[in-house]
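With these hints in hand, go ahead and build the complete structure from the sequences.
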Amino acid sequence: MDFYQLKTFYHVAKQKSFTRAANELSISQPAVSRQIESMEQKFGLTLFHRVGREIKLTDSGLVLFEMAEKILSLVGKTESVMEGMKNLESGSIVVGASTTIGNYLMAPIVINFMKKYPGVSIKLEIQPTDEILIKVKNNLLDIAIIPEVPVITSVINEILL
Numbered sequence: 001m002d003f004y005q006l007k008t009f010y011h012v013a014k015q016k017s018f019t020r021a022a023n024e025l026s027i028s029q030p031a032v033s034r035q036i037e038s039m040e041q042k043f044g045l046t047l048f049h050r051v052g053r054e055i056k057l058t059d060s061g062l063v064l065f066e067m068a069e070k071i072l073s074l075v076g077k078t079e080s081v082m083e084g085m086k087n088l089e090s091g092s093i094v095v096g097a098s099t100t101i102g103n104y105l106m107a108p109i110v111i112n113f114m115k116k117y118p119g120v121s122i123k124l125e126i127q128p129t130d131e132i133l134i135k136v137k138n139n140l141l142d143i144a145i146i147p148e149v150p151v152i153t154s155v156i157n158e159i160l161l
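Residue numbers (the working numbering): 1 to 161.
Since the hints were derived computationally from the structure, they do not count as laboratory data.
Calculated lysine-lysine pairs in the BS3-like style (CA-CA distance at most 30 Å, straight line): (1) 77 to 16; (2) 77 to 7; (3) 70 to 56; (4) 56 to 42; (5) 77 to 42; (6) 42 to 14; (7) 14 to 77; (8) 77 to 56; (9) 7 to 56; (10) 86 to 70; (11) 70 to 7; (12) 56 to 14; (13) 56 to 16; (14) 116 to 86; (15) 77 to 116; (16) 42 to 7; (17) 115 to 77; (18) 86 to 137; (19) 123 to 135; (20) 70 to 14; (21) 135 to 115; (22) 77 to 123; (23) 70 to 16; (24) 135 to 86; (25) 135 to 116; (26) 70 to 42; (27) 7 to 86; (28) 123 to 137; (29) 16 to 42; (30) 115 to 86; (31) 86 to 123.
Listed below in structure tokens is the structure:
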């Protein structure tokens, strides 16, 4: 069973109609029927009682419907969260800065960022440069700002080698 079959099954069960599900999904009714038949063959279970043009979920179909509803809801939430992170509406970021830069330059920058992107949690770690470099090496920071450019080159070389 793949995701599209599960989504098709969900729509058929919700609409109680292969044709309405096909219209909603913008696919042909025979394609919907093939997907449901494929699922029934895979599971070795009948998912719908078919009486004339009327369909009803079997017990196994009802169980699958409840699970499909949870899965599709979770997929929708995941897509929403990812979209929010892409648009800087949510998420978190850890910024490391050396002592002087952190104390004198970063505070107003962080405050402005927080005002512009209130859904993004930002943590500013102000520490001596050597400690910031260790955190960079251990991937504990998303961004690091330090004054010593030559030191950065040696750390990057050490990380890459």
